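Listed here are the chains, written in short residue letters.
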Amino acid sequence: MPTSFDRENVDVAWCPGCGNFGILKLVKEVLEELELDKQHTVIVSGIGQAAKTPFYIDTHMYGVLHGRALPIATAIKAANPGLTVIAEGGDGDMYGEGGNHFLHTIRRNPDIVHIVHNNMVYGLTKGQASPTSQKGFVTNVQVEGVGNEPFNPLSVALSLKAGFVSRVNIGNYSHAKEVLKAAFLHKGYALVDIFQPCVVFNKINTFQWFKEHTYLLDESYERSNFEEALKKAYESMPMPLGILYQNSENPATFETHMRGEDTRPLHKVGHDRKKIQELFERY
Amino acid sequence: MTLDELKQYNGRNGAKAYVAYRNNIYDVTESPFWKEGDHEEVHFAGEDLTSQLSGAPHGEEVFKSFPVVGRLETPEPQSENTDAAATDTKEKLKTWYRNYHPHPMTVHFPIALHLFAAFMDLLFLFDPKESYALTVFYLFFASTVMGFVAMVPGILSWWVNYDFSKAEPFIVKLYLSLLVLLLGLVNIILYLNDPMIVYHDSPAGITYHTIVLLTGLCVIVLGYYGGKITWGESFMRTETEEKNRESTSVEPLHNTQKSTKERLMNDTTLSILIGGPAGSGIDTIEKILTDALKAAGYYVYATKEYMSRVRGGSNSTLIRISDSPIKAPVWEVDLSIALDEMALEHMQERFTDRTLLLADVTEDKDIAHLILLPIHERAKALGSRQYANTYMAGVVFGLLELEKEILLQSIDKYFKEESENIKVAEEGYKEGKEIDHSMIAQLPSRDIQSAERLHLMNGTTACGFGFLAGGCTMVTSYPMSPSTGVLNFMAERSKEFTIVVEQSEDEIASLNMVLGGWYAGARAMTTTSGGGFALMTEALSLSGMSETPAVIYLAQRPGPATGLPTRSEQGDLNLAIYSGHGPFARIVLAPGRLESCIECGYLAFELADRYQVPVILLSDQYLADSMTTIGTVDFSQYAQGSYIIQSKKEYHRYADTPDGISPRSVPGFGEGLVCAAGDEHDERGQITESHQTRIEMVQKRARKGDALLESALMPKIEGEGEIAVIGWGSSYGAISEALSRVDDPRLCHVHFEWVHPLAEKQLELLKKYKHTVVVENNTSAMFADQLKLHDIRIDRKILQYNGFAFFADQLAQMIKEEIKEL
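Protein sequences appear in the order of chains A and B. 0 is the number of the first residue of the first sequence in numbering that gives the first Met the number 0; add one for each residue after it. 0 is the number of the first residue of the second sequence in numbering that gives the first Met the number 0; add one for each residue after it.
Among the hints, erroneous ones may be present.
To be verified - Not the full set, but computed from the structure, chain B residues with beta-carbon under 10 Å of chain A:
#: 1; residue: 545
#: 2; residue: 635
#: 3; residue: 643
#: 4; residue: 668
Honestly, the hints are just simulated from the structure, not real lab data. All values reported here derive from a predicted model rather than from experimental measurement. Cβ atoms here follow ideal geometry from the backbone N, Cα and C, with glycine treated the same way.
Next up, chain B with everything else stripped away, as it sits in the complex (with noise of 0.2 Å):
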């Protein structure tokens, strides 16, 4: 119901007595306090009640007894104490501001002619020639009209973008302009009044000198505040930290619908790095606690990454948990345990003046805030060292301050029989009780419902759900980290869900046999990483040539050869394009987020299976092992479709057709025979060397290969920026909360989940932007040169090798250094 439509139901002359409060729609008509819509003679039915809530003598408790008839449509939901039309207003002055930057585009005049009017009058008083005094004051004049000239659009930056901070950089600034203009109106009379001044030391004539060098001073301070506040952040983070604490409280949580400034300005998210060396039961303490505090309701995000140096053997968990969505990792920590001294060792660069630590080391290290705590001693004392995972767990509840009971659940379903784990938690958290955590700023707000609604998982079980959709029947695959996840999965479900599994003998068989399911009518696919691929892509030639089709879960770590084998890049995406003798149409998808995991695992079958092309799936070590909450997926959307025709008689496997797409039939299905070659064939499939009808089947493919760019999915937009910050695959995440830190009006956040071939339609819309800033986690900027290819052109890359997926902190620096020209 609209505002209009509400104002209908006055509950004058029989009708309907309806108020309105915060969105809600009250039916107040049988209240003994609203007779014929009048309340007080004060509030009518039929109205939007919520700003005049403030003034009433009672709260909003008292809408509670009247029964809600619907919603009250707005197209911005309005925060109680706002002005509606003033909020619009300046929402549009933002935008009229963002586009033509009226303060920026003035305000060099007055700095450039106030310090040139002081650089005159110097000369002037070396050598007082008339030329000089006359240029000096028309410098000054000018300057100072220049100056009013460019106060004026500061001001309206100063509400429509900040707000009227109160911040001291504003603050100088007003002051400083303000007595500029002052003195130049004072030096303006001083002149025009006796121009002679200028030659005399009288007091006019010292003051007229003081004030024009002192003016040029003046104009330097005020430029150095203006590029703090457009390029600084040091007070910004200091305003919006104390945004977040009193918005927090007020906010409704759990609000998926906010925009990235909405984010920015109220999320609390708290940070925990758990380290030790590796079987010390890290991944336990992960799986219980990402579990336990989903339960006690936050968002919750888990990522893992493990050393594969000789020295060392420490790896870590991060845990991080917030009233809204999160879905990268993050550098800098807020809390962290180190069951070792190496692990405090491997995770101190990750420390800030700002984390707690709890380590279990003996003696104390020159580390702020460190709290010894001996946890393998403890758990020692309770029965087993081996229990240290579960008693840190139980100090991070305690420490949290959260619900015990929900922490011994996540236990009890972990450990399903074992109870000894539970005495140990208690211990544990009754010993996290203890820790004094005060300077841990604030814990995000919590929504204990939100548990039911949200499914905790990884990269890995996502593809996992996605293939399943997609009537995944057959999965050939050798293993290899980290695709082995995938492989484990479906294993896992093959027998309730008639998948045939089987371990290769080496990847050649793997697709090669994944082709041969297809062949006889199978939904087939395999699972492997970028060595274990590269031995794949002279099937993958052969699936072009015979129009089978095919499935590949191509999870990626860093190359060459064996690379860092459990670490994580983005480095295979030329692999994946390119690999193959000879031309032919392939798919590349590389989902960013669980729901598009999903989403893409479903079509790879299906585009496969439609297009007879091979499909490549995306993933890295990253993606696949980091987990993350989704909502609920409406699985009934993904119909696994039918493409395989029964054949007749004279069936001719290679029929030549428009859109190059020869129906598909498989043997056994129908009276024809399904003859597939990998030698270049006739329509029948036979062998042939005639040039013509080789150009005929090239010409036939490559028209396969144009008919599948309709399919081409758009890339995912966040933002209304001009400058693209364009990102494909797995950086989604760690893009999508870098520029929300930034949080720069120019920026917008363009990522590509459908990487390869590009369509017209996708390459249209990065055409637009002004300028286009490319993230990728390898070496050498593949993605970006693919759109180089296609004539966009590419300002800046920001490119990361170092074994590590982006971490949104590091990430948002990275961004603000590249933009900062542009």
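One chain only, chain A, in its complex shape (with noise of 0.2 Å):
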């Protein structure tokens, strides 16, 4: 289905069947069903194949440095509070490269968007371990498995009291959409982890392998219960699918906290010289 996000004369750089174009289809649609305005969208990425996907859509964009999307998103949230700011990117983009930024980030509570596809592997770089990989994954650098404890996102995200943890598989794509949407209309840091299968350099987590190793958190599940959303996190083979945690409290985002309710786009504020003479006339 074609959305006024579709971006023209691209050339699509990932290969076929990669979950990749599940989750471009997805971001595409959800912009368009919450009916956002493509002036006040940015996406953030830095750099792997997931980081290609905001020049396949036709927002503004930003594709910066491996690791780097989280701050930069950051900085232009407190630059314009207007806009709507995605940061999204692989597995070794915001776990790994961007590890230290993702923890602040989490602490910082801007509102943005936080999309992380999640395949387990690296696949820009033809196939090394990622932060998430199982243990015992084999690759040409990890050459008698991967021995690292896999780096869990989700408990991460909630030991620093991230105001909106979820995962979703984009196996299921209904579900995916679903949560996504929530992703955007909470306000404040929301980190939405989406599996995908490397058709290419992962051959163990598959889309069968994602489908038989998650499962649906139900209706019953009480998304506010922070000590229940920690024990979730942990929980493997099967993994829970859903938003694990919202907050209920809605505390201050960066953007408020730093400029209360002046929502202005700082391209409109300079200093009055006046002041600033005033001010050097007291030294």
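Two chains, two frames, a set of hints: combine them into the complex.
Below is the structure:
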């Protein structure tokens, strides 16, 4: 289905059958269905196969460095709170190279949507382990299999009191769309970790594997229960899908903490030279 | 009004009667003493009476009763006793002299010839050949004639360059050369009278040979004193000091327009060094004293150094006061206060035999002029040892015999409510008054009114004002000495001026946030030092590729790695210029004065916005922490330009333009989309691997680098000599004062504040100098290397990397050494 967010004249660089196609479609449709205005939507992405996504979506975008999308997205939101800001990238980008920014962006709580394509492998650099690769995963580098404990983004985000923590599987498209929409509607930082297969470099964690190792949180799950969410975040095999946690008390976002009610874009803000002069005269 | 225009107001035939005195024009029309423009039939209206007053039975007070109607314009204000025409001729001669050096050019002939004559005469005495005798005479004749030729420019030099100084070398040279000339004439007459005397041991013959040998000795002595005049300075200093004493009382105060030469002749400064352990309140003394001394009418300067040695823990602050602006530290001090034994030891290297010392030590040391002062004991008796700082401030003010009330006001201002400190300071003041300070030769003169129009601040604050003027709306930083002061300054003003200030998790985040801010329309900056900046270099490269502006305040400290965290060096120039992968345009500014800290802070934002490049402002610990006075700055000149356009639907972020600058829009401003990328991209901002597009984009960015050269700031030039002493950044004050101290007309200070990229117009200017001496506060002469890359020859380098910024007195010595051979 074509959307108004389709970018024309682009050469999509993903392999056929890649899970990224599904996520691209998902994001565009969510933007369309939420009736977001492309002139007020910015997607910031780092480096990686996943980070190419904004080049195929017709909004503002800033393709930055590996791991650095979050601080840039945070600053964009603070500079112009009227924008809808999305930070998007893969598991290596957001949890590995950008791991420190991940921690501190959660602490800041900017009103942005954080979309992480999690395929448990490095695609762009051809098949090395990612922070979320399962133990024993053999690659050209991890020749005897991964020995490190996999990074658990949901428990980390929860431990830092992230306001919206969710995981979806792109294989379950309609559920993913529902959760992503909720993330956009959440006021504050929202993490959406999306399971997706890499058809070329990850022969273990396939569409089938994700289907078999996940389950949907049911209707009765109380998403505002923090302790319950922590427990859910540590569940594995199968892993829960859905909104594990959403806070209800709406803590101040980064930009409101910084600027209060002032939502003017900063390019419209200058400093009064008379005031500077007065300040100078006090020295 | 010029002198010619003044002549029309001669008071005759109904014209107004105006007279000039010391450049003021007074209206004397109504005065009964100036009827028809005639005063006592001696003085006439329409004239400048400055030089005539000394012959009058009254003093200058009479002018006070007349209204001042204008200023007399003269190209150079003349002092009252000097004949203008004579001075003018003298200046012209001086220039001529310094271009051609006639004395050194001629003086070597008589010296060499006399010596050679003496040598030949010795040969003759051993082996009396006729050919030897003839050689001796011809040599002697030529040397006497050349001696006369050399004396004329020698005396000219004595007049134009040394003002007929009566110093010993001049007097010795004068008498000795006259003697040589006279003896020369005697010998020539003796020989011409009877050439055969050379073979006889008659009185005439003995006299002849004695004179030949004696003049040979005389020219050696003459050469010695000539060298002393050129290179020595000990006697010149006495001369200068003499002049200081005579002139300070009559010179107008606070004349910032003084030339270098005049400054040297007239300035009196007093340097006070206060030392003590960290936490003993030296900072407080510095704050109170600088404020109070400024209020007392002095130009004030203060700088501090803090140790990072484990043993010792001794810090010090240097305060200098003067009757003219002062912008550099000195090593040797006039007055020093040690709050403990360790401080005395720590500062000892900086004492001279003229330094007055007050120290809180128990036993007398073998140090000259040491006065034992139980500061802490006195403070304790007054309530607490913690009052030592206010007590000392009182002592200093009392010792300098300044008004107590001024100090008390400053103390009041500093402590706000506490009143105990006032009492303590008063006691200290009493103690200070009792101290014999006769050895401090002279205090600078002062002008209480000046305090009103001077502002006291350090480089940190001045840069902060620059960034405010530049319209900074976002600061994201990770704290790091010595850059944190600017972060604090901006944070403190963030509510008053709308500035988003965030402490980031690391420097990587800092600069990335800055880029996010600019991308969305903020004027964003970060503050850091070398180590932090090293982490930012990846994002700097993103700024280059995505053409997102950035402003980085980089306050240097000595590296590598942690280096000397609390000290100073200009060691990160190469880091600033070369950091980041892949080539891209950037601007590096390095202010050296408070005025240019403001200017460069403002320009950093304007240039970044205009050319869409990262701009790095280089400061260092010395500049950041040193405090001095600055006159009023007119901030209305710093308009924040608007470079952001409202986008149209078909907007392309990287549109190819002749100057390479693609109009920049921001998200939410217009119908277009702003697509920026760190990958190589096409005009839309889409990733591309087309080799044609790559070439176009590389060239587009390169053109931007060429375009920004037109904004390059020319170096600041002081002096007219042919030897350029080249500095950059924070060393401005030290080089400027050092050159005043050396006072060699061959020298010229060329100071760069726009240090990268170097523009043709800057380089052309350097090429006209005969010699170049580069002064840098680093180990490898990085700026000299930059100049060499542009084919500028570097003759000498003066480098210092001991953790201190240059001290003006030490630097003067280093410069003297280096230029000896030039």
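message = Can you verify the interface hint for residue 545 of chain B: is its Cβ closer than 10 Å to any Cβ in chain A?
response = This hint holds: residue 545 of chain B lies near chain A, its Cβ roughly 7 Å from the closest one there, short of 10 Å.
query = How about residue 668 of chain B: closest beta carbon in chain A under 10 Å, or not?
reply = With Cβ-Cβ at 7 Å, under 10 Å, it holds.
message = residue 643 of chain B was flagged as interface toward chain A. Is the shortest Cβ-Cβ separation under 10 Å?
response = holds, 5 Å
ask   = Can we keep the residue 635 of chain B interface hint, with Cβ of chain A closer than 10 Å?
value = holds, 6 Å
Checked against the numbered hints given earlier, the structure satisfies every one of them.
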